[in-house]
Amino acid sequence: MSNIDRRTLVKGSLAAMMAGTAFSRAALAQSAEPILLGVSGPLTGPNAQYGAQWKQGFDLALDEIHAAGGINGRKLAYQFEDSQSDPRQSVAIAQKFVSDPRIVMELGDFSSPASMAASPIYQRGGLVQFGFTNSHPDFTKGGDFMWSTSVSQADEQPLLASYAVRRLGLKKLAVLHLNTDWGRTSRDHFVKAAKEYGAEIAVTEGYIAEERDFRSTLVRVRDASPDGLILISYYSDGALIARQARQVGLKQTICAASSVYSPKFLELGGEAVEDVHLGTRYFPQDPRPEVRKFIEGFKAKYNGQEPDAFNAYSYDAMNMAAAVVKIGGTDRRAIRDAFAKVKDVSSVIFGQATFDVESRRVKGAMNAELVVRKGQFTLWDGKPT
Amino acid sequence: MSSWFDYTINGLIIGNVYALVAVGLALIFGVSRLINFAQGSIYLVGAYIGWVAVVRLHTPLPLTIIVVAAAAALVGLVIERFGLRPLQNSVRIAPLLATIGISFVLDQLVMLTFSPNPRALPSQLPDVRFQLGGGTIGPLDLLIAGVGITSALLLFVFLRYSKLGWAVRAASQDRDAAMQMGVDVNRVNQAVFGIAAALGGVSGMLVGMYYNQIDTAMSLQATLKGVVAEVVGGAGNVPGAVIGSLLLGLVESYGVAVFGTSYRNLFAFLLLVVVLVLRPNGLFISPRQAPPEPLTGTFIAPSRPLRIPRWALAVAGAIFAVLPLFPVSFYVLQTLINAWLLGMLALSLTLVAGTMGQVSLGHAALLAIGAYTSALLSLTLNVPVGLAIIGGGLMSAALGTLLISPSFRLRGHYVSIATLAIGEIVALVILNWESVTRGPIGISGIPPLTLFGYDLISPSSVYWFSLAVMVVLALLQGRLLTSHLGRSFRAIRDDDIAARAYGLSLNRYKSLAFIFGGFAAGVSGGIAAHLYSYINHETFNTQQSILALTVVILGGLGNVVGAIVGSVALVGLPEVFRIAAEYRILIYGIVLLLLVRFRPQGLLGTI
Amino acid sequence: MEKQLHSMLSLRGLTRRFGGLTAVDTIDLDLAKGELISIIGPNGAGKTTLFNLVTGLDRPDAGTVSFEGQDITGLSPERLAAEGIARTFQLGRVFGNLSVMDNVLIGAHTRLRAVKPAVPVIGPLLELGLALLRPASVKAEEEQLREEVKAILARFGERLLPRIDQPAYSLSYANRRRVEIARALALKPRLLLLDEPTAGMNPTETAEMQGLVAELKAEGLTILLIEHKLEMVMRLSDRVIVMDEGKKIAEGPGEQVRTDPKVIEAYLGHGLSGTAEQESAA
Amino acid sequence: MTNSAPEALLTLSNVNTFYGPAQVHFDLSITVARGHIVCLLGGNASGKSTTMKIILGLVKPRSGEVTFDGASLIGLSTPQIVRRGIASVPEARRLFADMSVRENILMGAFVRNDRDAVAQDLDRMLTLFPKLGQRLSQRAGSLSGGEQQMVAMARALMSRPRMIVMDEPTMGLSPLYVDRVLELIRSINQAGVSVFMVEQNASLALEIAHEAYVLQTGKIVLSGPARALKDDPRIRDAYLGGSEAA
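From first to last, the protein sequence lines are chains Y, R, P and X. Residue numbering for the first sequence follows our numbering, starting at 1 and increasing by one per position. Residue numbering for the second sequence follows our numbering, starting at 1001 and increasing by one per position. Residue numbering for the third sequence follows our numbering, starting at 2001 and increasing by one per position. Residue numbering for the fourth sequence follows our numbering, starting at 3001 and increasing by one per position.
Any given hint might turn out to be false.
With a Cα cut of at most 16 Å, we get these calculated EDC-like pairs of lysine to aspartate or glutamate [said to hold, decoys possible]: (1) K341/Y to E358/Y; (2) K141/Y to D381/Y; (3) K192/Y to D155/Y; (4) K299/Y to D59/Y; (5) K293/Y to E64/Y; (6) K1163/R to D3116/X; (7) K1163/R to E3103/X; (8) K2247/P to D2071/P; (9) K55/Y to E1582/R; (10) K3060/X to D1176/R; (11) K172/Y to D227/Y; (12) K1163/R to D3114/X.
Calculated from the model, a selection of chain R residues having no Cβ within reach of chain Y, i.e. all distances over 12 Å [as the list claims (entries may be wrong)]: (13) Y1254; (14) T1380; (15) I1390.
Derived from the structure by calculation, the hints contain no laboratory data. Idealized CB from N, CA, C, for every residue including glycine.
Input sequences plus hints: build the corresponding full structure.
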């Protein structure tokens, strides 16, 4: 530790630091210690639930990776630092990871402010920041060390729009979206696509994450007399909106973004989410082998608990990290380069994931059209609700 | 027409929900003159106890209510006995800070026990809906309204006709005189906390059932809305709190109706500021005459500050200045950079809250103004980063002072509440003013720090830069404090009436304090923007304001060195506790409580 | 009542109500330059409210206040301080955390010139700049004021000078009252309002204070005094005004007021003051 | 009233009190005999009000003993002391301003549980203070100073105390009320309640007191039977004012 620091201090230059990292890596390569990944994410604070879900996905993936012999015989491990999704803490964590030679790659952070504030440090420090939930369009523009498997909303939203407009035949839409960078970007892509498909956007309403009461918002929606409600929401707020929509007597078809896909959505929404349509990456009966393995493994490890989207993201992310480390070894630059080399990594979200080197994202997320029937996510049978 | 009816009904329904929290807050404020920031946490605890009762123990509703009320009351009693009673004779701000610390601890305990995942809390009432206007209401709406109104009525009857109720009222009006009538004031406090907590717990449970959802993030929101409703109605006034809550619900609902959903909270906080400006004591409390003589500061107690010799400061400064030359990790440097940035904010706040006595709870807004100004100047107008940061400081000084000026005529707690609201308003304007601030997308690609054409990107150079800026600001502030302005600020803090009688215009000097402090905060925000390269409306949030206030109180109000020491301590502590992972915020909360308990005048003392 | 040609302060029909209570009820008063008028009356008679109305801390519901021929009704206290009206407070309002020196320097606030340039609008910003830069003129002014403060404090003998750097909260009650008076003097007032300056003082201290007020009067200062200690009132006052329940019930030279049956009935009473008792008995 | 060494009801012996570093009382010793009116004279800040607070347990002395009816009061809370039979009329009345006059008076009976007797006592107060009858439902804060004093005294009597301590009961009252208050104190006393009063107005106090103490900056400088003190030239100098002129 002090080895690299002393060197960097003398010159204070980044090149020296990188050299130091490479140097110390050589010494480490021989050891039987696990290959260490850094994770920066929320374990406390308002987004703590997502950090907890990440852990579940990571641990499941690691079990499988180790069962399959690990990374060329070495184990893979992660060091989870709590950032509370706060940029001030994520930058400190970034420095910590960058200057810790054991860390070969970083995963996270959760929110865009926390992730993107840390990006310059990872970029300059030459450590990959693998932001697997960062859908902000500018995230990967932070530099060539920023990679993401978060589904681009430019890809996802047209699929949702197609589901709503073309398949369900909705013509006049009310869009409710989380007023965050994600929700806003998603809304814009959705609106654009929906219009292209010939739908009219009657009203769009952005709400803040802490909002729980949507009754007045839904009166606005009602007055716009749409024939469908589009929810660009997470599962907790999505469930709240669906419940309240039914309570105030809105009977229109509801169509939601894939981010509501979670058993919690069913639990929190109860009867109100019956017949809600949603796009998703996978579904419980999905015959794809990677999905079966994930769902069954998850249920077995976590007492029958159903996995949700964030579990899947983190599970995939850990698998992707393993694939990258297999190619890139433990050299930080080689790892960066390995992202461009990995091909067809088995993935719950993408089926087979391969990075687009230009955008440093993965294209071609799987999409299934689901509907909630009898309290279960089921593949839509094409019948109107 | 029918839509307006629906908006009205919806406003009243959500108003009822707010009332459940506001009534408890009002009851406590009435007796203790304390805004209980832990009320939302009790609400949270109630919701989870309700979950245990309903989902695990399958209790019927009446029993659920009794269980939740009893358990929450117990929590309230514990808070009163161990958290607040020991602070009875310390500075008035100490209990306020203690309630903040208690809320940290409670929220974390719930999170650790139940995991942060949201849970469904099924309603135990039959799901029948009654048509009302264009919408429907269900039995829970009626139950919540019933509980709100019934508890307000019961409280009214209790206060008016029971012996203990009389004791509560007597104690709230004159503690000493009540004691002289044989009233055991500690008992009264306990009773009040017990009742308020029972009410808070039951309301958390009912609201959880109402939304079929409970999670650990519900606490702060509940507190914020409850405080707004309570202050609008007139702090300490129970029926006022109910009416304030309904009014808040209506204003929010109509705000949504007219301007759209994302403006909702903007209207809530605007309502609060407008009410405070027009009727500084809330709608239902008659304006009081000037506070009785002698008045020695609202929050400030006399204390002997710890004098640190100049040479010691110089030595400490020198050690920190040469630190990057030694083998310390970049992580340590980055942590200290965070401390220096927080230090600038704390300098700003210790000037306005400590030296000037305007305890601001919305100081993060000044960071945000500085950060956005600097980011936009450098991005869209290509202003060199160094100048852009100064521009951010100036904008924060000017705009921040202008925005906070409505609070200049307020005193004590009301200043804190008004600034809290103003801080929220700034964040919401940033969210909604998309043409300038890019709304929720935020500003990315902010150029890194540069100085005279040199990029400051290595941690050491950023460290030196931020340290230097902070030291310069600290020295300037030290100089300010020794000038006639420092004297004038402190005079206004100690006794604004006497200060006015000697020609000190409150507007002028409060403005000057905010201009100087706003500059420091704006510079801090500006540096942060260039350091992070990306900011949005959530980067500078209420938690930052609370953290800054904690730093200032810990360091000692008005104490320049204390602000810096406090910043290092409060940035450092959570990092030190990092090994404790999920437990670190809990530990932090406990450390905070202990500090408040044993050193309420701050580590270095009030100046 | 004789008409004052050069009335420094005149009140006409001054009235202030609080709820149902009329604290100050149509009060007329004329105070000539150099004159000392005492206001006496039971607590709650409205004396302090009257002071608040004159110094701008409270606004009258009716009536006018004029100072040197100018209508100053409803002006802010800070404006009135700049006009040269200084006051002390009934129970004392010192700045607890400020040193004695700083307390008295606040009194000189309205006289700051070098550091408070009389430029409109940007004046406050210049004030901030000057406070930070502290050019020679500002330093000199501060130095000179500090000397003045010491001279003022010297009027109280050794009571305050040795405690010049102590925070006011550490002072005895009587010393806090002295600090208040010193602060008022530092304003170089044209009109001084003293609200019970000897409250809480023992006979020796009272005598000292009486001497000081007499000195100030001899120096030509115009003074309005609220005081309960009758002897002091009788010795110092040119005229005495007696208030009761907000109304002026008597006005005139001390001896005349003291023997006024209305005053004896409402304020002095029978057996309230040794002297009054004897005289009314006589 | 006889002077045959009546039994002591309340005693303070060698009490030393501090506020922070400042000493307020120096070896204060005071005795209130059963059935007597005892008055403590002194200027502002001489420590008079603190003496009252010590008796009521609102301020704890650093050393010394306070006994009431033979038992120590040290360490008891104010409510406990009130239950022992000491009622108070605090300085500046300290009514509960937003409560009604009736509620204020009944607050005085807070320590009692005999509802019927309390109701009777309320009626007795109204015969003692007839003017309050019409004001019962009014806010106490809206009363005049004299009326407030009546309420404060009625309130104190409602606990059926053995002793009442009063802090400047005549302060700021018009002479009409001063006379009335003095009459009342006398009649309360004649009904068997001992009175300890703190007063600045020496001539008034000495008129009705049996014994008096003079407190100056925390020390008792004079004490004795009121009649004797009334003629003491030192008292005349310090408190009766205008003696030189006379």
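Hint check:
1. K341/Y to E358/Y: holds (13 Å)
2. K141/Y to D381/Y: violated (40 Å)
3. K192/Y to D155/Y: holds (12 Å)
4. K299/Y to D59/Y: holds (13 Å)
5. K293/Y to E64/Y: Status holds; Cα separation ~10 Å.
6. K1163/R to D3116/X: Distance ~15 Å between K1163/R and D3116/X Cα, so the pair holds.
7. K1163/R to E3103/X: holds (10 Å)
8. K2247/P to D2071/P: violated (22 Å)
9. K55/Y to E1582/R: Measuring from Cα to Cα gives roughly 12 Å; hence the hint holds.
10. K3060/X to D1176/R: At roughly 14 Å apart (the allowed maximum being 16 Å), D1176/R and K3060/X satisfy the hint.
11. K172/Y to D227/Y: This hinted pair holds, its Cα atoms lying about 5 Å apart.
12. K1163/R to D3114/X: Status holds; Cα separation ~13 Å.
13. Y1254: violated (8 Å)
14. T1380: holds (16 Å)
15. I1390: holds (22 Å)
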